[in-house]
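> Letter by letter, the chains look like this.
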Amino acid sequence: MLTELFLAGRYLIPRRSAVSLITVTSIVGVMLGVTVLMVVLAVMTGFTDLMKSKLVETQAHFQIRHYRYAISDPSQIVAAVRNAGGTAAPVIQSGILVQYGNNRLDTRVVMFGASERDLDRHLGLGKKLVRGKVDLKKRHVVISSAMADRWGLTVGDKLLFHSAQKLTDLVEFRPDGGVALSKKGAAYLPTEFTIAGIYSMGKYDFDSTVLFAGADDAAELVDLPWGAATSVFGWGPDAFNQKALVERIRKTLPPGYIVATWEESNRRLLGVLAVEKRMMFFLLIFIVLVAAFSIANTLITSVYQKTREIGLLKAIGATDGMVTRVFIAQGFLIGVIGSGAGSLLGWLVIFFRNDALRLVSKWTHMELFPKEFYYFNELPAHIVAGDVLFIVISSIVLCTVGALLPALRAASLDPARALRYE
Amino acid sequence: MMKNTTENMLEVAGLKRSYRLGNNVLHVLRGVDLILKTGEWCCVFGASGSGKTTFLNLVGALEKPDGGTIRIAGEDISGLGRRTAARFRARRIGFVFQNYQLLPELSILENVTLAARFGGASIPEAGRRAKELLAAVGLADRLRHRPNELSGGEQQRAAIARALVNSPDLLLADEPTGNLDSKTGEEVIRLFGKLRADDPTLTILMITHNRDLAAFADKTVELVDGRLK
Ligand SMILES: Nc1ncnc2c1ncn2[C@@H]1O[C@H](COP(=O)(O)OP(=O)(O)OP(=O)(O)O)[C@@H](O)[C@H]1O
Ligand SMILES: [Mg+2]
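Chains as they are written, first to last, in this note's numbering: chain F, -12 to 409; chain B, 1428 to 1656.
Source of the hints: derived by calculation from the structure; they are not laboratory data.
Some hints could be false.
With beta-carbon atoms standing in for the labels, derived distance ranges [to be verified]:
(1) F/Val11 / B/Gly1579: 29 to 35 Å
(2) B/Ala1624 / F/Leu395: 21 to 27 Å
(3) F/Ile0 / B/Arg1555: 36 to 42 Å
(4) F/Ser399 / B/Arg1555: 30 to 36 Å
(5) B/Gly1579 / F/Ile0: 25 to 31 Å
(6) B/Glu1552 / F/Ile0: 25 to 31 Å
(7) F/Thr12 / B/Lys1646: 34 to 40 Å
(8) B/Glu1434 / F/Gln292: 41 to 47 Å
Virtual Cβ for every residue (Gly too), placed ideally from N, Cα, C.
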């Protein structure tokens, strides 16, 4: 095999002449493909990581609820989580109808009802506050700056909350099938709340829907008994590695309780990101595939040019297998050098990406990541060793396979005829 | 490697080879018989197109005959498969061509070393033998040169070193002086003589158009109408 590699090397880089232009072109083709693949996948991974950390920042690492009922005694569940090594907080989660001003209604709002302490400890609400205070005393709420803009309100202004549960209590079906006002409903009035503070988590879908209220107010609005909760939010030491913890909790919970991790709750989004990454790989590997075709092309030409040399190799005793290997090795070497150079270049591009982007935005006077749309001002990137390995191996395989056809053609040459070839 | 000690190095009997060209069949060799004793030097003459190269290719196991037998050191080679034929060529046959056929990408030393590697030598052994033979043909100071940096005569001497690097039974030369002027050609022929003097078992089958070279040979034959005379 050493002899074959040596010959392949000499064919690629003829001695004492400048490195063959054809070889350089082939290598550059592979290199560019590998670089593009590596950069794009690294940026996508970085972006996914950023999304995940944003998700984890604004959500519980896992949520526990009963498959059917509200949790009447959440302290028991909280204790179970604590014993398993996590922390937890009971939360009342419910959609509410928010009336702001006269006859203006917002139906998109979700209320999180919990204690001030829990909200501050687990969601860091205090740090995310842009105005006012996290002061959830009776009939006070903390809304997002997105809501404040939407409603044209600020700290100290008033809102009316309509509870969907209480509205349904307003009317009832009569035994004869008709509908009538119920007796309970006659006393219904929306509850008035005061805006105590305004937060911004910097995550669009969260900020546009979630407001915070005290646990007791929330229980009253949703018509839950005092101390009950709709779910228990839980946090572990590491959101990205909590399988064991969640397993332990699942085992200790009474029957009927469901634990949903943040990954499970965001399965669709995470799935889309993963599929996108795989799709990118398959689209971009075509660059390498085209490079492999061009390798096949140049090697086929080279087999014709070297017909007499191949005849000579066989005359002095090279077997068909050796000749095959000499040409396969050329594809392999181009693949190895090209993908090696490509991953190095890819690494450089990723390393200097933000400097490059800053230069571009300076020259073009364009803001590349407008703050309104992106919650990052630098391009995220994360090189995953496994991804790089996969890219490099696929590229080497493609280049080697590209050399197969010319190699077999060279091996099948008849030595006597090849020697006579002009 | 043990050299064959039987009397006859080459025994060719009733050798036939024809080429099919469309509907026509060209009978090139119609029954060639030839016996060469070990250490014998034989020159083959013949008109252009008479089949001399074809004959040499058959003896060197580069082609297969349609009929007849070729025995080299007693072993019939007419039925060898592609792989065994390649092994056989590497170890037992040395080829010298009119146009030298050195690999242009490789230095002289590498060209000869490569042949030694194909013959099964280890890398250091191959290098050592290549240097030794290149010294024997007077190219000791040109090892790192590439073929296109040498004169025709020097290239042919390198090719002869390559042919002999595995101590073959048979040296097959197809018009080795055909591209050289008469003085250089004679030097090359004298080199053959010197090498055979060093190794008296070296058997040489040489095609040539130059009748003057017959003087160096032990034996001359002529290919006429597909047979040797
Ligand atoms: N592969 C082949 N297919 C068809 N015809 C062939 C083939 N090889 C050789 N021939 C024919 O066989 C005949 C003999 O060719 P060969 O090369 O053996 O002659 P030669 O005696 O060596 O001639 P020269 O002195 O010109 O080298 C020629 O007519 C040639 O065209
Ligand atoms: Mg000829």
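> Could you run down the list of hints and mark each one as holding or not?
Taking the hints in turn, this is what the structure says about them:
About 33 Å separates the C-beta atoms of F/Val11 and B/Gly1579, a value consistent with the hinted range of 29 to 35 Å. Our hint of 21 to 27 Å for B/Ala1624 and F/Leu395 is violated, since their Cβ atoms are close to 45 Å apart. Roughly 26 Å separates the CB atoms of F/Ile0 and B/Arg1555, a value that falls outside the hinted 36 to 42 Å. At about 35 Å, the beta-carbon gap between F/Ser399 and B/Arg1555 stays in the expected band of 30 to 36 Å.
Restraint check, B/Gly1579 to F/Ile0: a C-beta distance of roughly 27 Å satisfies the suggested window 25 to 31 Å. With their beta carbons about 26 Å apart, B/Glu1552 and F/Ile0 fall inside the hinted range of 25 to 31 Å. The hinted range of 34 to 40 Å is not satisfied by F/Thr12 and B/Lys1646, whose Cβ atoms lie roughly 55 Å apart. At roughly 45 Å, the beta carbons of B/Glu1434 and F/Gln292 sit within the given window of 41 to 47 Å.
Against the hints set out earlier in the document, violations occur for numbers 2, 3 and 7.
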